[in-house]
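With chain A's structure known, arrange chain P on it following the hints.
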Amino acid sequence: MAQITLKNLAHSYLPNPKGEADFALKEMDHVWQDGGAYALLGSSGCGKTTLLNIISGIVRPSHGRVLFGDRDVTDQETAARNIAQVFQFPVVYDTMTVRENLAFPLRNRGMDAAYIAARVGHIAQMIGMEDRLNRKARGLTADAKQKISLGRGMVREDVNAILFDEPLTVIDPHMKWELRTQLKQLHRQLGHTMIYVTHDQTEALTFADKVVVMYDGRVVQMGTPEELFETPAHTFVGYFIGSPGMNLLEATVTGNRAHLHGCEVALGASYAPPSGRSQIGIRPEYCSLTSGAGLPVTLRRVEDVGRHRIIRAELFGQAFNLIAPEGMAIDADMTRVVFAPDKINVFADDWRVAAQGAV
Amino acid sequence: MDKTQNNKAWFLVLPVLVIVAFSAVIPLMTVVNYSVNDTFGENEFFWNGLGWFEDMIASDRMHSALGRQVLFSAIILAIEVPLGIFIALNMPKKGFWASFCLVLMALPLLIPFNVVGTIWQIFGRVDIGLLGHGLASLGVDYNYTSDALDAWITIIVMDVWHWTSLVALLCYAGLQSIPQAYYQAARIDQASRWSVFRFIELPKMSGVLLIAVLLRFMDSFMIYTEPFVVTGGGPGNSTTFLSIDLVKMAVGQFDLGPAAAFSIMYFLVILLVSWVFYTVMTTLDNAETK
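The listed protein sequences derive, respectively, from chains A and P.
Residue numbers for the first sequence follow this note's numbering, so the first one is 1 and each next one is one higher.
Residue numbers for the second sequence follow this note's numbering, so the first one is 360 and each next one is one higher.
I should point out that these hints are in silico values taken from the structure, not numbers from a laboratory.
C-beta: ideal position from N, C-alpha, C; glycine also.
One or more hints might be untrue.
Ranges of calculated distance between the beta carbons of each label pair, as one might list FRET restraints [what the hints assert, rightly or not]:
1) P173/A to V372/P: 52 to 58 Å
2) D172/A to D578/P: 44 to 50 Å
3) V372/P to T202/A: 49 to 55 Å
4) G121/A to D578/P: 47 to 53 Å
5) L448/P to R135/A: 27 to 33 Å
6) D172/A to L448/P: 34 to 40 Å
7) E20/A to D578/P: 57 to 63 Å
8) L468/P to T206/A: 52 to 58 Å
9) D22/A to T638/P: 55 to 61 Å
One chain only, chain A, in its complex shape (with noise of 0.2 Å):
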């Protein structure tokens, strides 16, 4: 085990990078600890599953280094980095029992026969297959030929981290959930660093401790998904985590206070003047409708999706959601709305400004 470091990494799938916009991976500097749980959350294309092989060694960085604790691998083969990876689809040798695959690594590395069968026991009463460990492979269902690649990635008590690559996506949703759950249980029985990349930003917050979003080729922020929810360090966490999204409304900011089409909002801080492009943020959540003053609304659509409503309504021109607490009765003459001001974030550039005398 150990802490993986990413030191000016960057990486071009081009001979000669020009400009930025070359880079699949924008220059990064991060340090990811030992024994955590880390989400790897964006959308296609953002770079993760870029970022994922370089750590597993698949790719070769294009510029940069990765170290394990300290050592240097990155010209090291996955191979000699000792890392465990669970692919996208099932990874499983179909000739060999579900007892053999299991064993596989431990017996490539010539482990004594005695730890191998004890090791193998272990880990298949984790995934529940201790029933089936004389099948074949071939002809089980995919979440348990998923299970099966899960158990490989785990059977290594050594490995400096695992790491899993969208490994949900094959599987039935009421699966999904279970081996999830089971997931995060082996993180803390194991406690492996575990690097897990997914689309789902569900996926994401319940697994990991820490969610690293991607955007662009460039890890936006790295947080817990409080702060994710709370304080978004760019405004496409603000878009992505949530459902719906934050709300971005283009702004004046002056002290603490927010000018937008002649309105003014209160700000919960005092900001420096922000350069660039200023926009204000508010969370769904964090806005309710009423009859009193407020910004002027009008409501499109309310839908019920059980624990709350969602209200899709129009601001400005500019599509606007807010999210009423069950049982709240709405009436025609809530045309109003208003922002909880200590929840309300500004952007200046895409990029959250901290508030004067805070952090």
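Relative to the frame of chain A, chain P by itself:
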């Protein structure tokens, strides 16, 4: 779920049945007719029952032709299948050289059988052939027209040259369908090259290999044109395979009754062996699933 049975669908198959009847079944029936009768021409037939079949089963000539045929097919399969797999494993996976190799590999398959025979007939000649003359100048005593072993080697090498591509191309297609993740997983599991072949590549190729083995068995068991052009069945009878012997009997000696009985048995043998191959290989496949 109850499915309604609609047997009217059979009528839709009728046209095919009629065409197949004219193209295959009726001509085959004339062969059946010859096999149970004796004839001296003039459309006069004398009932002979299973006499020709009994004669043929007891015939030494048939036994030795069958023996040569089985040996030939066994050698062909033993060489072409492993060699084809080996070539497929070593072919480039993408880029210009992949296309280049595919075209190169497909070339022998596009050459008509008798042309292949002619090429090798000339290639192996001691007086003017590159191979034959070359070997002779190196001091090798090679002559496929007089030495039975040389004749066999020539025909086997020719068949390998002609048909290994088929096995290789089929295997190549099987290999191309293996997702990269399998190789990456194997590298992470520190699998040896042999393990990768044994546990990933071979199982994924087993479907196409079954087809390759069946095709190569059937084709080699029925081989006629190439050895006929190169050696004409000689020297002596050493390369007289079943089909060559059959043609000699039917067209050369005009023994239509024995030839007909023989061709029916020939057909049944191919059918039987192909069925055995198929059943054994698919049940092996299923047994592994259990």
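We went through each hint and held it up to the structure:
Under the hint 52 to 58 Å, the C-beta atoms of P173/A and V372/P, about 44 Å apart, miss the expected range. Checked against the hint of 44 to 50 Å, the C-beta distance between D172/A and D578/P comes to roughly 46 Å, which is consistent with it. Under the hint 49 to 55 Å, the C-beta atoms of V372/P and T202/A, about 53 Å apart, fit the expected range. Restraint check, G121/A to D578/P: a C-beta distance of roughly 50 Å satisfies the suggested window 47 to 53 Å.
The given range of 27 to 33 Å is respected by L448/P and R135/A, whose C-beta atoms sit roughly 29 Å from each other. Checked against the hint of 34 to 40 Å, the pair D172/A and L448/P passes, with Cβ atoms roughly 36 Å apart. Between E20/A and D578/P the C-beta distance comes to about 59 Å, which sits within the given range of 57 to 63 Å. At about 56 Å, the CB distance of L468/P to T206/A agrees with the hint of 52 to 58 Å.
Under the hint 55 to 61 Å, the C-beta atoms of D22/A and T638/P, about 57 Å apart, fit the expected range.
When the structure is compared with the earlier hints, a violation turns up for hint 1 alone.
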